[in-house]
Amino acid sequence: MNRVVITGMGIHSCIGTSLEEVKSSLYHGKSGIILDEPRKDFGFRSALTGMVNEPELKGELSRRQRIGMPQQAKYAYKATQQALEMAHLDINFLAKNETGILYGNDSSAKAVMEAIDQVRIKKDTTLLGSGSIFQSMNCTVTMNLSTIFKLKGINFTVSAACASGSHAIGLAFLFIQQGWQDRILCGGAQEINEYAMGSFDGLGVFSVDELNPTQASKPFDKRRDGLIPSGGAASLVLESLESAQTRGANILAEVVGYGYSSNGDHISNPSREGQLVSLSRALKQAQLNANDIDYINAHATSTPMGDLIEAQSIHEIFGSKIPVSSTKSMTGHECWMAGASEVIYSLLMMQEDFVAPNINFEESEEDMPKINIINKTKHHSINHFLSNSFGFGGTNSTVIIKKYNG
Amino acid sequence: MDKQALIEKVNAFLVDEFEIESAKITPNAPIKETLELDSLDYVDLVVIIEEQFGFKVQGEDFQQIISFQDFYNYIESKITNKVE
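Chains H and S are the protein sequences, given in the same order.
Residue 147 in the working numbering sits at position 147 of the first sequence, and the numbers go up by one each step.
In short: position in the second sequence from 1, add 406, done, that's the working numbering.
It is possible that some hints are incorrect.
Pairs of lysine-lysine residues, derived as DSS-like cross-links and limited to a Cα-Cα distance of at most 30 Å, are as follows [what the hints assert, rightly or not]:
(1) K222/H <-> K40/H
(2) K415/S <-> K58/H
(3) K123/H <-> K438/S
(4) K58/H <-> K462/S
(5) K123/H <-> K484/S
(6) K415/S <-> K122/H
(7) K150/H <-> K438/S
(8) K150/H <-> K430/S
(9) K110/H <-> K462/S
(10) K430/S <-> K58/H
(11) K123/H <-> K415/S
(12) K58/H <-> K438/S
(13) K438/S <-> K152/H
(14) K484/S <-> K122/H
Just so you know, the hints here were simulated from the structure itself, not pulled from any lab data.
This is chain H alone, in the form it adopts within the complex:
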């Protein structure tokens, strides 16, 4: 079986639109959460959100390339540009050397809603124009990026709710490990517009701590009152070690474990049993023991039940010593993107020997097991980290990344 390494990464998020900016935000515990007042007029219970500017691509991409791109595809394009540049992969190489794409995305609400509004007024589907279909489909990111970057290998979207980005990395890992592909662009993208998040807000699971936007996301803290939606995109280039070495690529890290499971139970409630299967499977595949892990990037979104169950799962397998933080304390919940972005956040920590703080954490409730939640930036060497992602429908994903030591 092939060893699988990471040779490029790129990020477009509410805590930065370059790796340097994101690294600085992580180190300094800087939040990307704001209060977006127009959401109140739209009918939102909470107007808190991570804010990510939509890139202007006119002049950079042709009209035909742009016309089918919704917000999250534009984010994904910018993140992918960075990742490919870091990996020294240009379009000429990609056109001649089979490269796949597996990208997490699970909605394209704005494009769908705007098309419906338009056709109700015009009563004529032709007047939606040619871009609507390509913006509206769930696979919009993989459709657009594969076309723009001339990707000719495996090509599909991974839709697995808030574990989409993590499963995309896991599947890319398996495809390369098995020798089915040499190289895959993977990641996750998430739109931030109000259409995408309205029905989620309607469940009453968003924080309403609107007076303190940057302090509202409080994973694991006993005062936590819900998650904060966010978005953007994160891209990684995974390839076989042989491919990376043949190309002379700079190797950032190695993917060594992918765990997965399905709760097969409630549609939105987390399950400790399901999470334990995913965590154990990832460790087994990586041939590691729990105490080999130096840092856990938790899924913890700042919901009362979700964080409690994850703390129980982490405690059961890893005990109380391994440093844990949820970067969602700064970014909010990047949903379909989160599994990919949080691997990048953790890779930046690994490269610079620190653990980013779980900001806004003071203390957990009495009945939460004591895990080692880091709430101040900690200088710490990371040889292996583990990243959790759990989603609606009971889908669980865990990836383990190792520092590349040759």
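Let chain H serve as the given structure and place chain S on it in line with the hints.
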């Protein structure tokens, strides 16, 4: 709208929408090749004409539009018929 004003309006939205240099648009130039139109672009052309002039082009009408001059004449005839 007089013919020159119509031509200027059409050229302006073609330059804006299809992002080509205005100098490439001449009355006898072939519209399909000049604007590099594919089958999807014709759908967008229908949308723009509806927005700008308030009528919907039938797909088969494009078959008789070869040059930009044909395009101006076609829009003029449609607008005139509409006014009448």
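Hint check results:
1. K222/H <-> K40/H: Satisfied, since the Cα-Cα distance of roughly 27 Å is no more than 30 Å.
2. K415/S <-> K58/H: 22 Å, holds
3. K123/H <-> K438/S: 28 Å, holds
4. K58/H <-> K462/S: 27 Å, holds
5. K123/H <-> K484/S: 21 Å, holds
6. K415/S <-> K122/H: 23 Å, holds
7. K150/H <-> K438/S: This hinted pair holds, its Cα atoms lying about 25 Å apart.
8. K150/H <-> K430/S: Holds, at roughly 29 Å.
9. K110/H <-> K462/S: 26 Å, holds
10. K430/S <-> K58/H: 20 Å, holds
11. K123/H <-> K415/S: 26 Å, holds
12. K58/H <-> K438/S: Holds. K58/H to K438/S sits at ~22 Å (cutoff 30 Å).
13. K438/S <-> K152/H: The given pair, whose Cα atoms are some 29 Å apart, holds under the 30 Å limit.
14. K484/S <-> K122/H: 19 Å, holds
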